[in-house]
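Visitor: Chains as they are written, first to last, in the numbering used here: chain R, 290 to 634; chain G, 2 to 367.
Mixed in with the good hints, there may be bad ones.
To be verified - Distance windows between CB atoms, simulated:
| hint | chain 1 | residue 1 | chain 2 | residue 2 | range |
| --- | --- | --- | --- | --- | --- |
| 1 | G | N334 | R | S370 | 53 to 59 angstroms |
| 2 | R | E355 | G | G271 | 36 to 42 angstroms |
| 3 | G | A255 | R | S532 | 38 to 44 angstroms |
| 4 | G | H82 | R | Q527 | 32 to 38 angstroms |
| 5 | R | L340 | G | G271 | 35 to 41 angstroms |
| 6 | R | E554 | G | Y57 | 51 to 57 angstroms |
| 7 | G | Y121 | R | D537 | 52 to 58 angstroms |
| 8 | G | G271 | R | S580 | 30 to 36 angstroms |
These aren't lab readings, by the way, just hints derived from the structure by calculation. Predicted model, so just to flag it, every value in this text is computed and none were measured. Virtual Cβ for every residue (Gly too), placed ideally from N, Cα, C.
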Amino acid sequence: MSALPKYGSIQECVEDFIKYRDTTRVLSALREYLNQRIFGRLIGVEHTFKLEDGTGITPDLTLAYENDSACCFIELKWRISQSSIKNELLDLKRYFNARQSLNGSSQKVTHNDIIMICHINDSNVVIDAVNELAGTPDVGFLKQEGVAIWSWYLGIPKGADTDANPEMRFGWLYGKTRNLELEKKIRMPGGIVIPASIAFSPTDRYLFTKDKPPVHYAMAFLLQHILSSFQDSTHRSQVIPLSLGMVDELYEKSKIFFPGWRDAESETIQARKEWIREAVDLIIQLKIKVSVPLPRTRKTIQQVLCARLERLRQKSRGAGPRVRKLRVRPDTMSAKLSTWFNSKT
Amino acid sequence: MMNSDQQYGVEALDRDLVSRVASREDMYDLFSQEYTKRERKPLLKSLIVLTQQDPYRLSETVERNKLLSKRYVVTVQEKEHDFYRLHVERKNPVGPAVSVEALIDVKPNLWVIFTTVSLYDAKILVSLFARLYPDFNFAYLNHAQMLHLVEEIKKWCGSGRVVTSFAIKAETETDRALSINRKTLKGLSAEDELVAEAKRGRIWVEKLRFQVKNKLNMLVLDTVLTNRGIARLVYGNFVDFYDRFMTFVIQISAELDGKFSAVRRTIVEGEAQTKPCSIIYTSSFKVTHLKSLASKLNSDYMLSIFHMGNPFFSADLTDCYDGSSFTLTIFQNIITISPMIRTTNTALWKLVGKLQSILGEGDIVI
């Protein structure tokens, strides 16, 4: 049985869903933006470099600059918690210290820059952790040139009119890269604002990032885009028999939405299949019937899934049956009487 | 408000007109003869239904649907190659059953259905085919396509005269709110007025009526066309109505259907490439336009909305009946529909029509 996600409220659960989707949009937009060859040559998204010790590194985005003698790795994070920040920072060290070769040549790069981009809401957690850990020997590399932390933001700027145009913006938080063009741009007031034509490009290239998505995001993805495509006109009103044995088939159908799916290593593929397996398991547990026509809901699919997962979590903890709250319209006579009665007593 | 049948004084309808048709040739002769007479008669209605089904499978399709099989009895009889007679009976729990006779002319990817019953009874056919989605679907003709149709008709009639009138809904912006008013644009400048209205704000063309007159100012053809592809012949030669007017409507629908076939997600050199479909408007959307969109879409679609209420609207939607899924993005004055794994033309027709019926008509660019 898959572990159920823990959220303080349904609202938090829905916010996570939207935040992950926004991160995928940021990844697609950043790829297009860096592909303009202003800051260097984009090597790719989730491109794996083999190192001499047999291990490999797979940054979210790789940019080669100074005639391919240096690399700038970008790690995009959709969520950073206090418990995970130390590991995230330690991971950066592998990228920073790696010396890989590009395009199969024997010559190795002279240095690597690493930029970690976190959501603006997580910036305090990251900066506090960096200040706290920078002195320790494990993460001492953070003080060196070539390590930077930025923030990403997608939405309407604070204080702007509701009809104002939204924007996708990257801001500087910490450190410095050796890519002069990038450094100049990020240090400008307001940071890097991605042009609207790229930021709000309607054709999303990816629906996932390297990080594990919230389980309800993967469930909604399967229900909306993958399982819905199983129907055919001759088998209307039939329930699609969903089982864990279908995971490979589901991955094959959905792999084009994962960045770098062509060159993905077996470990990465297994991890992605695990996300799908977990989502399928919960769809089965929630007894969601995937049939033709698909179930319709008054609320959005993320709200419905979050509410049902919360109910399942409460049930698995042994909470009693759901008690329906009695709603009293405030303007009815009985409500007025009860208010009056309560005030008297 | 009177409908066209009442307007022409037709109360007791001549239901036998369709039953007298034995072949396609008979249809041409009979309808041409009947609709060039100046006398009271039921209007000829024609429906364009987008489908790839064999008409013989229609009754089977109805029977497969539990709800429809309880309400409708459908029989199809072949008259000649690709030409059928359709009988639909709708059971009424509190009164007598209503039956509709119609003729089906099968064209590539669509059927043209003719009937002479009253508009009220013809709606039985419309509601039946609407419930048979995604096997059957209706086209949505917007103002740009209607203007294109008028141009084609003008080219055809040459030295004759075409008098058009458009029944539209137009959105007007006042100090306090946006309101929608109904208008009729008549006369020789109706097309220019329609273009001006479309530039001013959001519009919906509900009906197009045009009268074609010859050099001697005599009426040659009088027809009405709705935005759902339902046409009515008020007066005129059936050959002109079908081979000219209806052929243009079919051409426009087929052209768009062909373009919709290109809206797909494909893999080129290992990278996913999407060919989106856009609807472009003359002005940007406001928050009020987008707020109502979600509630109007969730009756037919499984929705997940990521951004709503500001000028950037972004959502994933899945057609519950067809299984096609799309990413819908609205930014400034452009609606973009990006295909996901499964995308069918039927689902695209429906979505493009639905969006235009909610947000107003725009130019479709693929």
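Visitor: All hints are to be evaluated individually against the structure, with a verdict given for each.
Guide: Hint check:
For the hinted restraint 53 to 59 angstroms between G:N334 and R:S370, the CB-CB distance of approximately 40 angstroms leaves it violated. In this structure the hint that R:E355 and G:G271 lie 36 to 42 angstroms apart at CB is violated, the actual value being about 28 angstroms. Take G:A255 and R:S532: their Cβ atoms lie about 42 angstroms apart, and the range 38 to 44 angstroms holds. Here the CB-CB span from G:H82 to R:Q527 is close to 34 angstroms, well matched to the stated 32 to 38 angstroms.
Look at R:L340 against G:G271: about 24 angstroms separates their beta carbons, and that is not inside 35 to 41 angstroms. Hint check: R:E554 to G:Y57, Cβ distance near 53 angstroms, so the stated range 51 to 57 angstroms holds. Checked against the hint of 52 to 58 angstroms, the C-beta distance between G:Y121 and R:D537 comes to roughly 55 angstroms, which is consistent with it. Separated by about 34 angstroms at the C-beta atoms, G:G271 and R:S580 satisfy the suggested range of 30 to 36 angstroms.
Checked against the numbered hints given earlier, this structure breaks hints 1, 2, 5; the rest are met.
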